[in-house]
Amino acid sequence: MQVFINGKQTELPSGTSVQNLIEQFDIRDKVAVEINEEIVSRSRFELHTLEDGDRVEIVRAIGGG
Amino acid sequence: MTEKQPQDLLLINGKPYTSRLLVGTGKYRDMEETKRAIEASGAQIVTFAIRRSNIGQNRDEPNLLDAVPPDKYTLLPNTAGCFDAETAVRTCRLARELLDGHNLVKLEVLGDKKTLYPDIPATLDATKTLIEDGFDVMVYTNDDPVMAKRFEELGCVAVMPLAAPIGSGLGIRNPYNIRTIVENAHVPILVDAGVGTASDAAVAMELGCDGVLMNTAIAEAKNPVLMASAMKKGIEAGREAWLAGRMPRRAYASASSPIDGTFFT
Numbered sequence: 541m542q543v544f545i546n547g548k549q550t551e552l553p554s555g556t557s558v559q560n561l562i563e564q565f566d567i568r569d570k571v572a573v574e575i576n577e578e579i580v581s582r583s584r585f586e587l588h589t590l591e592d593g594d595r596v597e598i599v600r601a602i603g604g605g
Numbered sequence: 035m036t037e038k039q040p041q042d043l044l045l046i047n048g049k050p051y052t053s054r055l056l057v058g059t060g061k062y063r064d065m066e067e068t069k070r071a072i073e074a075s076g077a078q079i080v081t082f083a084i085r086r087s088n089i090g091q092n093r094d095e096p097n098l099l100d101a102v103p104p105d106k107y108t109l110l111p112n113t114a115g116c117f118d119a120e121t122a123v124r125t126c127r128l129a130r131e132l133l134d135g136h137n138l139v140k141l142e143v144l145g146d147k148k149t150l151y152p153d154i155p156a157t158l159d160a161t162k163t164l165i166e167d168g169f170d171v172m173v174y175t176n177d178d179p180v181m182a183k184r185f186e187e188l189g190c191v192a193v194m195p196l197a198a199p200i201g202s203g204l205g206i207r208n209p210y211n212i213r214t215i216v217e218n219a220h221v222p223i224l225v226d227a228g229v230g231t232a233s234d235a236a237v238a239m240e241l242g243c244d245g246v247l248m249n250t251a252i253a254e255a256k257n258p259v260l261m262a263s264a265m266k267k268g269i270e271a272g273r274e275a276w277l278a279g280r281m282p283r284r285a286y287a288s289a290s291s292p293i294d295g296t297f298f299t
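Just so you know, the protein sequences line up as chains A and B, in that order.
Quick note on this note's numbering: the first sequence kicks off at 541 and runs consecutively.
Quick note on this note's numbering: the second sequence kicks off at 35 and runs consecutively.
Mixed in with the good hints, there may be bad ones.
No more than 30 Å apart at the CA atoms, straight line, and that leaves these computed lysine-lysine pairs for DSBU-like [claimed, not checked]:
(1) 61(B) - 147(B)
(2) 570(A) - 267(B)
(3) 106(B) - 49(B)
(4) 162(B) - 570(A)
(5) 183(B) - 162(B)
(6) 147(B) - 162(B)
(7) 570(A) - 49(B)
(8) 61(B) - 256(B)
(9) 49(B) - 548(A)
(10) 106(B) - 148(B)
(11) 61(B) - 548(A)
(12) 267(B) - 548(A)
(13) 183(B) - 570(A)
(14) 256(B) - 49(B)
(15) 69(B) - 256(B)
(16) 256(B) - 147(B)
(17) 61(B) - 49(B)
(18) 148(B) - 183(B)
(19) 256(B) - 548(A)
(20) 148(B) - 256(B)
(21) 147(B) - 106(B)
(22) 267(B) - 69(B)
(23) 69(B) - 147(B)
(24) 147(B) - 49(B)
Just so you know, the hints here were simulated from the structure itself, not pulled from any lab data.
Please work from the sequences and hints to get the whole structure.
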């Protein structure tokens, strides 16, 4: 299936969870995740599986004023 | 110092702070400089931005949340870069998730890329949505006393008028408006944006502001850590001068030494 991760179209096997995604991309920062403009809480990363066409945003804290 | 109130605290949303200087974390050379400047500033409230993770790159890049640990500082996620109410609200919700339910946010909804002036109607919309959703909103606004009052009435925990455009370093451009906003307010008023050097920070505090939030004035100084220390002192000096109450201005001289008792006539 095709999903968009931080704006980039990516091919992923069906059944991929948010947790799989975090591990696959080796994201070590503390992050927050939004799928199709809805927050997915950290406690649901394992359970929430992605669907074809999902728009995933993975964000973190960075320097800013 | 003996005449000063022993505990002159800034209260934001019921939480007391001894420092009235709030700082941003942008534009520093690296995380180490960020950390050292924040320490030198004495700030207890630190703002930062929310951006996409670098997927698959810079894996060992230091994390801002390690430099600014939430157990040491009050973290203030901001909506910098948002030009509409919807993205500002989404940013705040992501920030709340990122910080495990932390509700305090700095809202800014920008209306113009050149001046970074706020889009006030969009800021009002976002404020209403965020407050309904349980956020504690510190709002960036222009120096209009009517709008400042409106944001207070909506329930913002602090109102933060600009003193000059973000990152401009032009200083307090409209002191009369800032003073009017302070006089009318029942929530903390913090100058957010425009300060260029320590005397600007002191001027903001002498106008009666409850605090100042700044980023570029420290980060773009030749020596940011030294400027952070200067800003801390500027804020403290301005605050004490405000509490002390300045002398009246006179058109002509008033001799400091007595006239009586001079040995010459």
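These are the hints, each one checked on the structure:
1. 61(B) - 147(B): Holds, because 18 Å separates the two Cα atoms, which is no more than 30 Å.
2. 570(A) - 267(B): Violated. Residue 570(A) to residue 267(B) sits at ~34 Å, over the 30 Å cutoff.
3. 106(B) - 49(B): Roughly 14 Å separates the two Cα atoms, so the pair holds.
4. 162(B) - 570(A): OK: residue 162(B) and residue 570(A) at ~28 Å, within 30 Å.
5. 183(B) - 162(B): This hinted pair holds, its Cα atoms lying about 14 Å apart.
6. 147(B) - 162(B): holds, 24 Å
7. 570(A) - 49(B): holds, 26 Å
8. 61(B) - 256(B): The given pair, whose Cα atoms are some 12 Å apart, holds under the 30 Å limit.
9. 49(B) - 548(A): At roughly 41 Å apart (the allowed maximum being 30 Å), residue 548(A) and residue 49(B) break the hint.
10. 106(B) - 148(B): violated, 35 Å
11. 61(B) - 548(A): holds, 26 Å
12. 267(B) - 548(A): violated, 47 Å
13. 183(B) - 570(A): Violated, because 37 Å separates the two Cα atoms, which is more than 30 Å.
14. 256(B) - 49(B): violated, 34 Å
15. 69(B) - 256(B): holds, 16 Å
16. 256(B) - 147(B): Holds: residue 256(B) and residue 147(B) sit about 26 Å apart, inside 30 Å.
17. 61(B) - 49(B): holds, 28 Å
18. 148(B) - 183(B): The given pair, whose Cα atoms are some 26 Å apart, holds under the 30 Å limit.
19. 256(B) - 548(A): violated, 38 Å
20. 148(B) - 256(B): holds, 25 Å
21. 147(B) - 106(B): violated, 34 Å
22. 267(B) - 69(B): holds, 18 Å
23. 69(B) - 147(B): Status holds; Cα separation ~29 Å.
24. 147(B) - 49(B): violated, 34 Å
In this structure, the earlier hints numbered 2, 9, 10, 12, 13, 14, 19, 21, 24 are contradicted, and the remaining ones agree with it.
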